[in-house]
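Based on the provided sequences and hints, a complete structural model is requested.
Chain by chain, the residues run as shown.
There are 2 protein chains.
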Amino acid sequence: MKIIRRELSKMIDISVLKPEASIKEIEEMCRAAKRYNFKVVYALPWYIPIIRSLLKGTEVEIGAPIAFPFGGVPTEVKVYETTKYLDLGATEFDMVINLGALKSGDYKLVYKDIEEVVKAAQGHIVKVILELPYLEENEVFEACRIAEDAGAHFVKTSTGFAGYVPKVEDVYLMKKALKGNTQVKVAGGVRTLEQVFDLIKAGVTRFGVNMNSAVGIMEKFSQEYGEEYEL
Amino acid sequence: MKIIRRELSKMIDISVLKPEASIKEIEEMCRAAKRYNFKVVYALPWYIPIIRSLLKGTEVEIGAPIAFPFGGVPTEVKVYETTKYLDLGATEFDMVINLGALKSGDYKLVYKDIEEVVKAAQGHIVKVILELPYLEENEVFEACRIAEDAGAHFVKTSTGFAGYVPKVEDVYLMKKALKGNTQVKVAGGVRTLEQVFDLIKAGVTRFGVNMNSAVGIMEKFSQEYGEEYEL
Numbered sequence: 097m098k099i100i101r102r103e104l105s106k107m108i109d110i111s112v113l114k115p116e117a118s119i120k121e122i123e124e125m126c127r128a129a130k131r132y133n134f135k136v137v138y139a140l141p142w143y144i145p146i147i148r149s150l151l152k153g154t155e156v157e158i159g160a161p162i163a164f165p166f167g168g169v170p171t172e173v174k175v176y177e178t179t180k181y182l183d184l185g186a187t188e189f190d191m192v193i194n195l196g197a198l199k200s201g202d203y204k205l206v207y208k209d210i211e212e213v214v215k216a217a218q219g220h221i222v223k224v225i226l227e228l229p230y231l232e233e234n235e236v237f238e239a240c241r242i243a244e245d246a247g248a249h250f251v252k253t254s255t256g257f258a259g260y261v262p263k264v265e266d267v268y269l270m271k272k273a274l275k276g277n278t279q280v281k282v283a284g285g286v287r288t289l290e291q292v293f294d295l296i297k298a299g300v301t302r303f304g305v306n307m308n309s310a311v312g313i314m315e316k317f318s319q320e321y322g323e324e325y326e327l
Numbered sequence: 097m098k099i100i101r102r103e104l105s106k107m108i109d110i111s112v113l114k115p116e117a118s119i120k121e122i123e124e125m126c127r128a129a130k131r132y133n134f135k136v137v138y139a140l141p142w143y144i145p146i147i148r149s150l151l152k153g154t155e156v157e158i159g160a161p162i163a164f165p166f167g168g169v170p171t172e173v174k175v176y177e178t179t180k181y182l183d184l185g186a187t188e189f190d191m192v193i194n195l196g197a198l199k200s201g202d203y204k205l206v207y208k209d210i211e212e213v214v215k216a217a218q219g220h221i222v223k224v225i226l227e228l229p230y231l232e233e234n235e236v237f238e239a240c241r242i243a244e245d246a247g248a249h250f251v252k253t254s255t256g257f258a259g260y261v262p263k264v265e266d267v268y269l270m271k272k273a274l275k276g277n278t279q280v281k282v283a284g285g286v287r288t289l290e291q292v293f294d295l296i297k298a299g300v301t302r303f304g305v306n307m308n309s310a311v312g313i314m315e316k317f318s319q320e321y322g323e324e325y326e327l
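Top line first, the protein sequences correspond to chains A and B.
The first sequence begins at 97 in the working numbering and counts up one residue at a time.
The second sequence begins at 97 in the working numbering and counts up one residue at a time.
Calculated from the structure, these hints are not laboratory results.
Each hint should be verified, as a subset may be incorrect.
To be verified - Below 30 Å or equal to it, Euclidean Cα-Cα: the simulated DSS-like pairs (lysine-lysine) are:
hint, chain 1, residue 1, chain 2, residue 2
1, A, Lys114, B, Lys199
2, A, Lys208, A, Lys271
3, A, Lys114, B, Lys204
4, A, Lys152, B, Lys208
5, B, Lys215, A, Lys114
Right, dumping it as structure tokens:
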């Protein structure tokens, strides 16, 4: 498998999602996103209009976290958020699954919740965050099945706020549940190029990485391999 | 100062707010709330209709966390949430302040954000969560001033998800900023009756406590003092 530097950067979403981040950190993230041409930037949603003006004229996309990071709001609130952020200029949506409903076995609600957000996103990419540290294996499997059936474009391992470190075994489990319409995004604890290579080999097509680690990963790639590398 | 057991329980809000809590834990919380006659119960908002039916016919109130736990959504989303949860039966609202705006010095936005939620709550109690571990002293002071001016009924120390342990010094600082229209709720890290007594003496009038600690506090009071105690 050939990894091309310019394509690798388009597999990486960067984020500054900690609640106390100020506008300075958002500006810094947008500068890094432009410089390395990352795929999407994520901040807490009130920053979307600010990010929109910072990224004007670039191909970096604006992501919106939905019901972030706990996921436990009524579907109508998730739909309202999606519609609002789409209107403000977001083009990708990372929603947190209703973990309480999943844990309570209310799969119908989990499905409906995702389906409605997918509809509200009007064809834009929707990723469903599962938060693996809180789930049993069978719940991960079930959640992947539900997300794919409900039309999600990606299932995603974690918000990055639950102490999760990605394992290739998690990706194998998720891929086993999926029928091929839904891809896997890994987020939380991705720090090195070696991790990225291992996870790509396991089938991951998108990474959520914090700004500093993302820059480190791209710099490492350039230093070690230049423009491309045969994985 | 006389502490009467029946009044003490009405100074305590209990909560099960972890994202992976299932309906079983919500039921358990509601049983404890009824048994000890606590003031308000809090769970993630999609549980409000379930809690409403569990608490039917009791005087325990239903609380709604707004923009919980990160606070960084546009004001319109906070207002939508408040209106929605009021409609579903919530009677108290604990909103997270816009921490990013506060950190960026955009006090006008912080004010407007609170003012709009207070308006949407139609006279019901609104508490503004500051998340003290992320704030400098001057930011706590400023946030208290803004919250009071915007009509908040309480300022609250923490969501309980930022590793906060309450200190009486924090309460003194908050009370110093406030002019007397806004009260102080302490949440996060309240575990014992001794802490509660110290914090009451410092001027706290409401506590956010997890279910097990709240039960422990009331049991301890009954065992040690029975119906009342001169603090």
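Against the structure, the hints:
1. A:Lys114 / B:Lys199: Distance of about 12 Å is within 30 Å: holds.
2. A:Lys208 / A:Lys271: With Cα atoms ~22 Å apart, Lys208 of chain A and Lys271 of chain A stay inside 30 Å; holds.
3. A:Lys114 / B:Lys204: holds, 22 Å
4. A:Lys152 / B:Lys208: holds, 27 Å
5. B:Lys215 / A:Lys114: Distance ~28 Å between Lys215 of chain B and Lys114 of chain A Cα, so the pair holds.
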